[in-house]
Structure formats: structure tokens, C-alpha cells
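K.L.:
As a plain string of letters, each chain reads:
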Amino acid sequence: MPSIPLETRVALQDQMTEYCYLVDNIGELDPLLDYFTEDAVLDFSAIGLPFMNGRADYRKFYSEVFENMSHHTHYLTNFRIDAYDGDSASTRAYVQGMGRANDGNEVLVHVRYTMDFVREGDQWKCRKYNIYPGMPLPASLDEIHGDR
Amino acid sequence: MPSIPLETRVALQDQMTEYCYLVDNIGELDPLLDYFTEDAVLDFSAIGLPFMNGRADYRKFYSEVFENMSHHTHYLTNFRIDAYDGDSASTRAYVQGMGRANDGNEVLVHVRYTMDFVREGDQWKCRKYNIYPGMPLPASLDEIHGDR
Amino acid sequence: MPSIPLETRVALQDQMTEYCYLVDNIGELDPLLDYFTEDAVLDFSAIGLPFMNGRADYRKFYSEVFENMSHHTHYLTNFRIDAYDGDSASTRAYVQGMGRANDGNEVLVHVRYTMDFVREGDQWKCRKYNIYPGMPLPASLDEIHGDR
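Chains A, B and C, in that order, are what the protein sequence lines are. Counting from 308, one number per residue, gives the positions in the first sequence under our numbering. Counting from 308, one number per residue, gives the positions in the second sequence under our numbering. Counting from 308, one number per residue, gives the positions in the third sequence under our numbering.
Simulated from the structure, these hints should not be mistaken for lab results. Since the model is a prediction, treat every value here as computed from it, not as a measurement. For every residue, glycine included, the Cβ atom is placed at its ideal position computed from N, Cα and C. The reader is advised that the hints may include incorrect statements.
Computed far set for chain B versus chain C, every beta-carbon distance over 12 Å [unchecked claim]:
id, residue
1, Arg316
2, Met323
3, Ser370
4, Thr380
5, Ile388
6, Asp389
7, Asp392
8, Gln403
9, Asp423
10, Gly453
Ranges between beta-carbon positions, derived for each pair [unchecked claim]:
id, chain 1, residue 1, chain 2, residue 2, range
11, B, Tyr439, A, Asp346, 31 to 37 Å
12, C, Ser377, B, Ala390, 22 to 28 Å
13, B, Leu340, A, Asn412, 40 to 46 Å
14, B, Ala390, A, Asn375, 30 to 36 Å
15, A, Leu340, B, Ala446, 34 to 40 Å
Isolated chain A, as found in the complex (with noise of 0.2 Å):
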């Protein structure tokens, strides 16, 4: 693991573990949108999702999930740093991730985030965020995530 201050580490925790009340927390875009950087490229290509280029892409699929979505929750743990240089850092975690849409059906996957970093002032945005499978995804997800 590379040498990180403390403080730094723990705030880059809690900046993945942000992500999950941002984005269970359903209704509330602006705050989700903001977590990222404008260009930030978001990969769910890994489990089928979409890939995202920027700010407009991964604001249609959030607003659609949203809309779809009754119920979130996104268990995060297993966090790690894989690099900090200052002023930029690349972190991992696990997450079990559960969701219902609003015609009941529901979705439970077990995947693995990875998420870059970088210092915007006083706060870390996301610049890149990949999502990879922990175990084999269930079918429930692409019938509720699949068309963005």
C-alpha cells in the first residue's frame, strides 16, 4: 500500500463510501452529478453496463436509474489505496450493491469499484470509475439497468 497521511486516507474513504449516499439517497442528482469532475469517464462495461464520456453521459444514465428506482443500497468495504502521488489517488473497494425498481423487480450484485482521484481545492473529485464483477451478475441487472 503507498505511503498516504492519514487524514488523506481516511477522507478518500469516505469520499467511496460518499458515493453510496449520493447515489442511494434516490431523487437527489445534483449532489450525485458533483461527486465527479465534468469529464470524468465512468466504465460499467465490465457488467454489462454503459461506458460514459463525460458529464452528459453518466447524467442520462443516473437520471434514468433514478427514475426507475424505488429503493438503493450500496454496502461498501474491503476499501484500499492503490496510489497517491498528492494530489491524485487511486482507490478499490468492494461493494455489494442492491437496488428496486419501481415495478417491483429487484437486483442484487456483488462487485468490486475502482475510483481515481483528484484534488480539487479542499475536495476530492472522481475521475474515473470502473466497475468490475465480484461474482456472476444476475439477470435482474440488465433488465433494470441494461437500456440506458
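Take the given structure of chain A and dock chains B and C to it, following the hints.
P.N.:
Then chains B and C, alone, in the frame of chain A:
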């Protein structure tokens, strides 16, 4: 996230985790009761369980829970600090809680905890504890814990 | 909780988390074996799996596990320090462990880990590792890992 000394932040996270150990160690009631101030308010009404005002109430609840349950596991993740002012703090976490009753009935809930802590000597005591639903609740929650 | 420098506490938590990464990264056996001291004792008997005394034993176990499994995910939460004296430490955590065997059989366990670590240079090596049940264990645990 409010500014807070790292030692304090970790102590508060440990204290939330400690609740899981105490409630999962079925049988030893007193250490669990001493987790709370005498006048602590435990409000579980958002998940259909009791509102408890002070030790007599929560002693009754937990002693009946311990009589009834053979297994408990509460996974706590997504810890964060909501407020801190030196002698008091408000914290939050996600909890995946599961239990098995002596009659074999099982329950799994996806919930959120908020806790208000007050410093007593070198310890943090919980004086307010709320549970909110994360995902829709199963019927077995009421069957197992409903009639307290 | 015993007094421990924050850096050390975080390093030990990271080390427990590292076990999950190593055991979930099916295929690379040596980094997993090097997680432990040569004479490490791994006692999984409380969940019906082997008691292993030293590297020959745990090498056999993990190499067979890796041959047999296509997917692994171990979520580690509820970390705490049980003991610390400068050059050794005892830690504890909850783990939700899941796996999928090459034959499609699946297993999900709710368990507790305890680990004893000893400092070797700037690293913490595990010299004792126990698994205890958290919830009743599924039959598929024995089917998948039983005959080591």
C-alpha cells in the same frame, strides 16, 4: 463531513462497531445496556419496532430479544460522522442485520443506523439511536421482534 | 480496545482486508501463502473445515481451494483490535464469504475471523488464524471445501 480529530473519529467508529459485537453476543445483557445512557431514546418505529424511552424500555426489549434469538450477525459499513462538537457527536452507518430465532424463523434486514453519542469520561455513550429502513422490510421482522 | 498508534491500527485493518484480496484473487497462490508465517496455525475446525499446522498444511488447502473455485468474494467488516503489544497484535472482524465452485455449486457463509499478527520488518505476518461461525452454516460449505 465535520472536522474531527482522527483519534476521535476512529473511537466513534469503533463504538458503533461495538454495538454489533454486544448485540450479537447473545446472552450478556448488561454490557449491551451499558452501551447507552440511562435516559437513552431508542426509536425503532421507522422499521415497525418499538419507540423506547430510557433504560426500563430498552432493557425489556433487549432481554426479550436475547431470550428469543439463537444467532445474530450485524455487518456495519458506510460509517460517517454527521456532527461533532467535542463532547457530543452524531454518527451514521449502514447495517445488514440478520438473526435466527429459537423457533428457526430467520430475518434479514437492510437498515441504516444513526446514533448520538455523549462523552462520559473517556467513553462515548449512546443517548439516541434510530433505525431506518434501507430496503423494504421482510415480514419475519415483525414475527420475530414485533410484540415487544 | 487496547491503546495502539493510529498508523498501526490502520495497517492491521489493511492487513486483514488484504487477506480478502489475496483469497479472492483466485490463481495466485504464493502471495496468499506469504501472508502467513511458515509455522502459522490456521484453525477452521469450528466451521467443520481443517485444522492446519504450518505451511505444508495450508498450502495444500489453498491450492485445492483455488483449483476448485471460479469466484470468491469476502466482505470484511466490524474490524477491531483485541490485543496489541508493539510487535504482535490480535485482531477480529466479521466476514461474509461467498464462493462459486467450478461445478456451479455456491456457498455463502457468515463468519468471524480472528488473526494474530507478528511484526516482521515493516510487515505484519499472520501466525494464527481462526474462523468461527456467525450464523448457521450451509451444507454447501462442506460439499465445496470439506474434503481437504
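K.L.:
Hint by hint, note whether the structure agrees.
P.N.:
The hints, checked one at a time:
In this structure Arg316(B) is not separated from chain C by more than 12 Å, as the shortest Cβ-Cβ distance comes to only about 10 Å. A beta-carbon of chain C is positioned within 12 Å of the beta-carbon of Met323(B); the least distance is around 10 Å. The Cβ of Ser370(B) lies farther than 12 Å from every Cβ of chain C, with a closest approach of about 22 Å, so its non-interface assignment holds. For Thr380(B), the non-interface assignment is contradicted: its Cβ lies about 4 Å from the closest Cβ of chain C, within the 12 Å cut-off.
Listed as outside the interface, Ile388(B) is consistent with that label: its C-beta sits roughly 16 Å from the nearest C-beta of chain C, beyond the 12 Å cut-off. Once the 12 Å rule is applied to beta carbons, Asp389(B) is consistent with being away from chain C; the minimum gap is 20 Å. Every CB of chain C lies more than 12 Å from the CB of Asp392(B), the least distance being 22 Å, so the non-interface label holds. Not every Cβ of chain C is farther than 12 Å from the Cβ of Gln403(B); the closest lies at roughly 8 Å, contradicting the non-interface assignment.
The beta carbon of Asp423(B) sits about 21 Å from the closest Cβ of chain C, which is more than 12 Å, so the claim that it is off the interface holds. Listed as a non-interface residue, Gly453(B) keeps its Cβ farther than 12 Å from every Cβ of chain C; the least gap is roughly 21 Å. Checked against the given bound of 31 to 37 Å, the beta carbons of Tyr439(B) and Asp346(A), roughly 36 Å apart, stay inside it. Our hint of 22 to 28 Å for Ser377(C) and Ala390(B) is violated, since their Cβ atoms are close to 46 Å apart.
A beta carbon spacing of about 42 Å between Leu340(B) and Asn412(A) agrees with the range 40 to 46 Å that was offered as a hint. The beta-carbon spacing between Ala390(B) and Asn375(A), approximately 33 Å, falls within the hinted interval of 30 to 36 Å. Taken as a hint, the range 34 to 40 Å holds for the pair Leu340(A) and Ala446(B), whose Cβ atoms sit roughly 37 Å apart.
The earlier numbered hints that this structure contradicts are 1, 2, 4, 8, 12.
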